[in-house]
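All chains, please: the whole structure from these sequences, using the hints.
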Amino acid sequence: MNTFPRKVLLGALWLLPLGIGVFIGNQTTDKQASLPAPSSLAVAASHRSASILTRKNSTERTYRGSNTFTLHGSAEKRREQACSQLADILNVSDRVERTRQLLAFIDQLSPSDFESVISGFSEAGWVDFNRGEFSFLLSSWMSQDPLVAIEYLKQNEQDGWSRKVAISAWAAENPEAAANAIKGLEDGGKVNDWIVGLIQGMARSDPQAALLAVQQMPKDDTQKTAIREMLPEVVSRGTEFAGEWIEMIDDPKLQSDTARRLGGALAKRDPEAASDWVSQIKTVDSRRDASEVVSEIYASQDLDAAMTWTQTLPQDTLTEAAEGVAKYLARRDPTEAARWLQQLGNDPDLDGARIQFIRESMNDSPEVTLENIHTLSRPADQDKYYRHVLGTWKKSNQEAAISWAQENSESISEKVYNSIVPKKQRDM
Numbered sequence: 001m002n003t004f005p006r007k008v009l010l011g012a013l014w015l016l017p018l019g020i021g022v023f024i025g026n027q028t029t030d031k032q033a034s035l036p037a038p039s040s041l042a043v044a045a046s047h048r049s050a051s052i053l054t055r056k057n058s059t060e061r062t063y064r065g066s067n068t069f070t071l072h073g074s075a076e077k078r079r080e081q082a083c084s085q086l087a088d089i090l091n092v093s094d095r096v097e098r099t100r101q102l103l104a105f106i107d108q109l110s111p112s113d114f115e116s117v118i119s120g121f122s123e124a125g126w127v128d129f130n131r132g133e134f135s136f137l138l139s140s141w142m143s144q145d146p147l148v149a150i151e152y153l154k155q156n157e158q159d160g161w162s163r164k165v166a167i168s169a170w171a172a173e174n175p176e177a178a179a180n181a182i183k184g185l186e187d188g189g190k191v192n193d194w195i196v197g198l199i200q201g202m203a204r205s206d207p208q209a210a211l212l213a214v215q216q217m218p219k220d221d222t223q224k225t226a227i228r229e230m231l232p233e234v235v236s237r238g239t240e241f242a243g244e245w246i247e248m249i250d251d252p253k254l255q256s257d258t259a260r261r262l263g264g265a266l267a268k269r270d271p272e273a274a275s276d277w278v279s280q281i282k283t284v285d286s287r288r289d290a291s292e293v294v295s296e297i298y299a300s301q302d303l304d305a306a307m308t309w310t311q312t313l314p315q316d317t318l319t320e321a322a323e324g325v326a327k328y329l330a331r332r333d334p335t336e337a338a339r340w341l342q343q344l345g346n347d348p349d350l351d352g353a354r355i356q357f358i359r360e361s362m363n364d365s366p367e368v369t370l371e372n373i374h375t376l377s378r379p380a381d382q383d384k385y386y387r388h389v390l391g392t393w394k395k396s397n398q399e400a401a402i403s404w405a406q407e408n409s410e411s412i413s414e415k416v417y418n419s420i421v422p423k424k425q426r427d428m
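Residue numbering for the sequence shown is 1 to 428, as defined by our numbering.
Certain hints may be false.
With a straight-line Cα cutoff of 25 angstroms, these simulated DSS-like cross-link-like pairs (lysine-lysine) come out [claimed, not checked]:
(1) 190 x 154
(2) 384 x 423
(3) 190 x 268
(4) 415 x 395
(5) 219 x 253
(6) 190 x 219
(7) 424 x 395
(8) 224 x 253
(9) 268 x 224
(10) 253 x 190
What follows is a set of in silico ranges between Cβ atoms, one per label pair, in the way DEER data are often shown [what the hints assert, rightly or not]:
(11) 284 x 240: 46 to 54 angstroms
(12) 220 x 301: 31 to 39 angstroms
(13) 315 x 380: 19 to 27 angstroms
Please keep in mind that the hints were generated in silico from the structure rather than gathered at the bench.
We put the CB at the ideal spot given by N, CA and C, even for glycine.
Encoded structure:
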């Protein structure tokens, strides 16, 4: 593994004091701040939004003005102009043109204009339909006046998504300043979106520093969400980086859970590369958990390649990877799946793959399934699946299910036999 750059180590150090202020929380935070009265911008915007929604699916029109916007006059006049311009922009049907006009609109806003524009956008109900545009506005405000923006969001925006977007935009450029600005801020839910946004922003420029910061956090829903939000940045850097990154996690459970999530994300992008990545993971539990996820995605796209890869893995990992392969192979050819599983040996840890085979083959090929239930290592599981498969088969073909139980009475327990074969037929 490469030596960590100095900035990565410093990334964790500056977050340590934040752990005291943010993760414990500031009990004096005012959670009951009331919403301000709607501004004239919001009132006008609400009327505009109704018009927008009714025209969206029928008579959408493209804004006919130029890409040069101007606001002038009193503060009240500027708010009205901004509302009108923004409403027209949001009604542009072409997304590229709408974005182009929105950026031009943002360029002419002064720092003092953003609060009324953001407030109107939110109170008019546009956010749910135009999250991309709202994130542009929030990010631009954060770049010009972040402390005022944070105070506004703290008092007026209870939507965790807005807080996450805003702080993420700032943290991508100046993580230390962003961290200091949100000390002690809570958001009232199970997940602190201020913290999630901070980690997400850090990960854009330095996923390693972001990871070191995450490891200082309490093991709660905020930490889990923060890890999940930063994974796209890890995936985008490729499997070699992902391999170094996952080995940085020193907590075994956190590493294992993260390897599972990361493996799935990598496999969706490139299952073959993800399979190579799994093979390089040093920690057994993490390698096992990741292999199970990757094998299923790999098998769904290239079953034969997934089978070959699975057989190259260490035994402690092969047993998990076999589950995904068994699932898809049983759908394609139950007989081949049964034979392949038997070739892998008698390891009790293969029971997960055997159960996948049973579940996938039992409806179309109950006889093949029943002939292989004995390979399960635990008698209790054998009884359970004999009864389940025979009981299901009996519903669609009672005569065949009873006949199989009678012919194989020595292979199944008396309890299972009695549950399938009617009493009057047991002595026949």
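Please write out, lowest number first, the hints stated earlier that are contradicted by the structure.
-> 3 and 11
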